[in-house]
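Chains as they are written, first to last, in the numbering used here: chain A, 1 to 357; chain B, 1 to 357; chain C, 1 to 357; chain D, 1 to 357.
Each hint should be verified, as a subset may be incorrect.
Copies of the same chain look alike in the list, so a pair counts if it works inside one copy or between any two.
Below, computed lysine to aspartate or glutamate pairings styled on EDC-like, alpha-carbon distance capped at 16 Å [unchecked claim]:
no.	residue 1	residue 2
1	Lys21	Asp305
2	Lys21	Glu73
3	Lys316	Asp200
4	Lys316	Glu194
5	Lys75	Glu171
6	Lys21	Glu66
7	Lys316	Glu151
8	Lys149	Glu171
9	Lys265	Asp305
10	Lys316	Glu96
11	Lys147	Asp200
12	Lys302	Glu171
13	Lys75	Asp35
14	Lys99	Glu73
15	Lys21	Glu194
16	Lys43	Glu194
Just so you know, the hints here were simulated from the structure itself, not pulled from any lab data.
Protein chains: 4
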Amino acid sequence: MAGNSFGTLFRITTWGESHGKALGVVIDGCPPRIDLSSKDIQKELDRRKPGQGKGSSPRKERDRVEILSGVFEGKTTGTPISLFIRNVDVDSSSYEEWKEVFRPGQADFTYQAKYGIRDYRGGGRASARETVGRVAAGAIAKRILGKEKMEILAYTVELGGIGIEKKDYREIERNGLRCPDRKAAAAMEKKIAEAKAKGDTIGGIVEILVRGCPPGLGEPVFDKLEADLAKGLMSIGAVRGVEVGAGFGAARMSGSQCNDPIGPKGFEKNDAGGILGGISNGADIVLRAAVKPIPSIGLVQKTADRAMRPVSLWIKGRHDISAIPRINSVCEAMVAVVLVDHWLRQKALNPKADRKI
Amino acid sequence: MAGNSFGTLFRITTWGESHGKALGVVIDGCPPRIDLSSKDIQKELDRRKPGQGKGSSPRKERDRVEILSGVFEGKTTGTPISLFIRNVDVDSSSYEEWKEVFRPGQADFTYQAKYGIRDYRGGGRASARETVGRVAAGAIAKRILGKEKMEILAYTVELGGIGIEKKDYREIERNGLRCPDRKAAAAMEKKIAEAKAKGDTIGGIVEILVRGCPPGLGEPVFDKLEADLAKGLMSIGAVRGVEVGAGFGAARMSGSQCNDPIGPKGFEKNDAGGILGGISNGADIVLRAAVKPIPSIGLVQKTADRAMRPVSLWIKGRHDISAIPRINSVCEAMVAVVLVDHWLRQKALNPKADRKI
Amino acid sequence: MAGNSFGTLFRITTWGESHGKALGVVIDGCPPRIDLSSKDIQKELDRRKPGQGKGSSPRKERDRVEILSGVFEGKTTGTPISLFIRNVDVDSSSYEEWKEVFRPGQADFTYQAKYGIRDYRGGGRASARETVGRVAAGAIAKRILGKEKMEILAYTVELGGIGIEKKDYREIERNGLRCPDRKAAAAMEKKIAEAKAKGDTIGGIVEILVRGCPPGLGEPVFDKLEADLAKGLMSIGAVRGVEVGAGFGAARMSGSQCNDPIGPKGFEKNDAGGILGGISNGADIVLRAAVKPIPSIGLVQKTADRAMRPVSLWIKGRHDISAIPRINSVCEAMVAVVLVDHWLRQKALNPKADRKI
Amino acid sequence: MAGNSFGTLFRITTWGESHGKALGVVIDGCPPRIDLSSKDIQKELDRRKPGQGKGSSPRKERDRVEILSGVFEGKTTGTPISLFIRNVDVDSSSYEEWKEVFRPGQADFTYQAKYGIRDYRGGGRASARETVGRVAAGAIAKRILGKEKMEILAYTVELGGIGIEKKDYREIERNGLRCPDRKAAAAMEKKIAEAKAKGDTIGGIVEILVRGCPPGLGEPVFDKLEADLAKGLMSIGAVRGVEVGAGFGAARMSGSQCNDPIGPKGFEKNDAGGILGGISNGADIVLRAAVKPIPSIGLVQKTADRAMRPVSLWIKGRHDISAIPRINSVCEAMVAVVLVDHWLRQKALNPKADRKI
């Protein structure tokens, strides 16, 4: 209950600070006898590496994951899997200067307010670097889902105010922004370059698509599938909004527009985003997460220090221009963890259900 | 873990079906020695009564709450509080006709798929009627928050595509739609009348404002305050999207626009919506929930029965035109429950923290 | 997490005070499509009725259970089951006299110390009457286990210092003390009569036997099967010790005596009590619970009031002489709840396991 | 919920196998601003080192703990603390020979039955070596309790059938068996030598004493203090029975003997073991755990392999003769973790309570 664990039957616990000795995650409840090597996890970590897309920072991160437990002779054993990533080449000296200052848009003030102490180096626990453990755990969740023919895909549908006009899923892996619209991707890259030139940053929207999810996942009334998905996504630092299916658009629809008719072959459209009454309905699950611009900007900012004295803050150094597309893999990871958890919960219930759609 | 409980230290468990014998909620973890009578709870239940606003159904509901435990001589004792609402005048005969049919936009299909059985009367457990337990528990949560000078207010900021142009909080209790803009309220009522004439329904957006929340509430990294709030709101059947502060709007901002500068008296604007890094920052907490149109419409719909044979469905009877404004009190209740839970969690941690903002 | 719920996937939440309006339990996570009527539950409640055995109180309790939710057309639906028992003929006047006094061996002092308030009528929440909800939930758990060919039997192996010399399971239902040794049962009844004559009470030991449990139940390392069973039994007010298999006797054995040899047909003896390494091994599960004498005695006792002034306490009225045999059905209930929970958890894990023993 | 976490607000998650790369624990919910260095933890780990008492194995373990997160500039930050112990000099070759054989009294069979796979090297996850993470976490829990003037002491009250006749707490640290009776300790050492000569092992009883616990800890009705303590102790592999206060002895008492009278200065005796109604009463908490003999013996044993063919098993090598006294520090750790958890839970509730005793 202490905030750093997520999930019930498939439960991940992350630990580690941006500039601490190491980061990691313990996965408890992974089913036994699943093939797993560190390569499977490393592949996902490499996807979130910087330098993928021009909006990303040129810093070099060398995250090498080590499996410390829970795997024997290449297979999971059902015991907890501990994944470990040593921090290397950590230089915290640049943070000394501002250690008494609350950076706007960051968690500096609130961590100080909550705990009365904070590791100021690189954002400490509040750093986006914390998500390395989520992505590592997500890699295992995705393998489990893969065995069940479930697939998760996160892609960029808006960046710096540029939206997509079409969805060509093959295009996603072809451009650095994971954007399914080549033309939009080019315009987004231009927005990134503009922001960079100004020392500013930009936000955007990530869509997450789940294909192959069977009907029946989700535990009403509080652990509805979309409720746990919303929590999972909203627990990512930069995410400020979450919607499922038509989402905020549904607020502008009439009932006759919004209801998905059921034909002999199933749902004839998917404004529900694959979830009805908190339970998956067999259609694709569609979610969107609003990602705020990175708060670390290269411009002078007005702020205060711990004594609430005014400070004019200008942080040197290079930073990412957008959390997108690196955050996309974190979104995939959180969705994967939620789905495995609910898939296991449904297995426990195990009814002979009507699943004809 | 079985889906019908919410919260950790302040934990509510709801039970009951739309047309069953009764509905209720057990509240575990309520602090002792708080003044509480059934009147305090009844008042909140009455707020969600139908006939408040022209979008609501003319059915008569007489929900009388009874406190069965946990209160002694007018004060809570720290033991579980069981609240009980007997269903009266329940007529389920109209549901017999469609008991083998999956109503579009409803949970009929998914409950059948998940459980292999369902109480088809009035939506059973998936009915909005389930929220009566939430509102009852929320009434207690609000009393606890009230003692701590925290206040929660939910109001309608959009309905049937009509948005508000100003926020006059005094106006909220003056119109049946809980809309803080009198002119917009009138336009919304017109939209309701139009939808009603067509046999259709409409959706909208509810904003929830929390005033007086101290800094320090929220448990990173997974139980971030906005993550638990998102889960709480998204667990309400009709909610399809949730955002905090600037929300989806933040996706279109630059970092220099989105960051809230800190001045000597605190945050100088509030695009963060009162939460930074998953922890309350002392500013107002601002949330919005997208509410889909009610799926029960008075128009003929294309659907299927359990054998997936095509069915042309037309449901007689009068229904609500919008979940708004009745859902507003449910939103308030869920936000109240989350806040009490996190307030208790922070009390356990209890640091001598810097709370100067 | 607030203390009044037990279990993870199969989760019970009890509520109610001895002299409040009602008592009850909510069962969340009950698998769907199980035949269930209030009669099935009433039968178990009747077993714990007073007047079964001469050690029990002659008070008349008429506990009528009502199923308020979660059952439709005679079958469970997978939604929460709310069970409700109205308190009738409750006379609290006799408790007024001692409301400021801490009765020795009771929870009066500690409830006051913890909550700063207490419902003094009949022990309030700390009364053995609270277990009515456990027994009701246990009745459902037993039905689920019955479908899986698991059977639970609690019986008296010691009372007032009289131990059994043989185990004839048919004898259990034949005497009022649920004792499998007819001769010992007679001696126990004599002890009860002696204690009654003195105004005193006596304790004893209950053994719980589970037959038909498959191998594989239990979740190391903390949710070992015996750990959850120990918690379940130790959470019953009168229980002061719990052991599995050889239990405290194992402390006096050598390894060569204690280890159960494995032959071609399985374990050749059962000092492990059916559990190895926290996981059921397919043999009978054997547990024992030490039950203290009932603290309400008919003798004058030295104690104090809230101001810590000395009080000479003599409580009028008739009381049970021993919690045995009424507590036996509570022990069965708690063991049943733990087993259903772990059976569901193992179903979620669902390995193709080697279960040859 | 997946079995490898323990606690609610103060929550530990252990991971690691006997012959894997490393073992460790993540502590979530540790209050901030507590002085902590790896030395504080190392000291506790060294206490469970072998070679402390003649019953222990002569193998050399060099457990070096590393703090990987959650501590900044010598103080806890409120974020999760990851502790890490690398396994060194691990030789698993001796286990190859018996990898298809189920060792009697061990978890070999049940892990195979549950998971369909097992790490057979040194018992894998079921090894007593898993407790290194518990002791490390317990070291932190003890520091927290120390600040609150609570102290935990585990000592040996019985070994190989030899019980103590007096309790001289100063004696505990003076002999290798942590026995408070010097004469009994000598007799116990003789029993160990006898067992060793025969290639056999012995069991015993550990008593755990908590001094300085305030009244009010424990959350009825299921998370009673003794219930969580029983679960914590029973989750230790070798423990087969747990009792509080008079324990099984209470089963032989009359109510007038068992009830602790309350005088003007508090409880006049302590058969309750410091807990009434599931809540600490301010007196010393007294628990006892029955420890079975170590199942790895130097004698030939009858058993079976995975095909259930008869096997005559004789395991070479040196082993501990008794889990006592090494297990004592594990008992202390589990009790410490439970107490910190309940102390935090009570802080959340925080009543102005009557705590005069």
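Status of Glu171 relative to Lys302 across identical chains (alpha carbons, at most 16 Å):
For Lys302 and Glu171, the Cα distance exceeds 16 Å both inside one copy (41 Å) and across copies (36 Å).
Reference check for the pair Lys21 and Glu73, CA-CA at most 16 Å: within, between, both, or neither?
Result: close only across copies, 13 Å inter versus 28 Å intra.
Intra/inter-copy verdict for Lys316 and Asp200 if alpha-carbon distance must be at most 16 Å
within (13 Å within a copy, 57 Å between copies)
Cα distance capped at 16 Å. Does Lys21 pair with Glu66 within a copy, between copies, both, or neither?
both (14 Å within a copy, 10 Å between copies)
Alpha-carbon proximity between Lys43 and Glu194, which holds within one copy, between copies, both or neither at 16 Å:
Answer is neither; intra-copy 31 Å and inter-copy 55 Å both fail.
Tell me, please, which holds for Lys265 and Asp305 at an alpha-carbon limit of 16 Å: within, between, both or neither?
Cα proximity of Lys265 and Asp305: across copies only (12 Å, versus 62 Å in one copy).
Identical-chain pair category, Lys75 with Glu171, by Cα at 16 Å
For Lys75 and Glu171, neither the intra-copy (34 Å) nor the inter-copy (49 Å) Cα distance is at most 16 Å.
When no copy is specified for Lys75 and Asp35, does a C-alpha distance of 16 Å or less occur within a copy, between copies, both, or neither?
within (5 Å within a copy, 40 Å between copies)
Up to 16 Å CA-CA - Asp305 versus Lys21, copy category
Classified as neither; 27 Å inside a copy, 44 Å across copies.
State whether the alpha carbon distance between Lys316 and Glu194 is at most 16 Å within one copy, between copies, both, or neither.
neither (19 Å within a copy, 58 Å between copies)
How would you classify Lys316 and Glu151 at a CA-CA limit of 16 Å: within, between, both, or neither?
neither (41 Å within a copy, 41 Å between copies)
Homomeric proximity label, Lys316 with Glu96: Cα distance no greater than 16 Å:
within (13 Å within a copy, 57 Å between copies)
The structure fails to meet hints 1, 4, 5, 7, 8, 11, 12, 15 and 16 from the earlier list, while all remaining hints are met.
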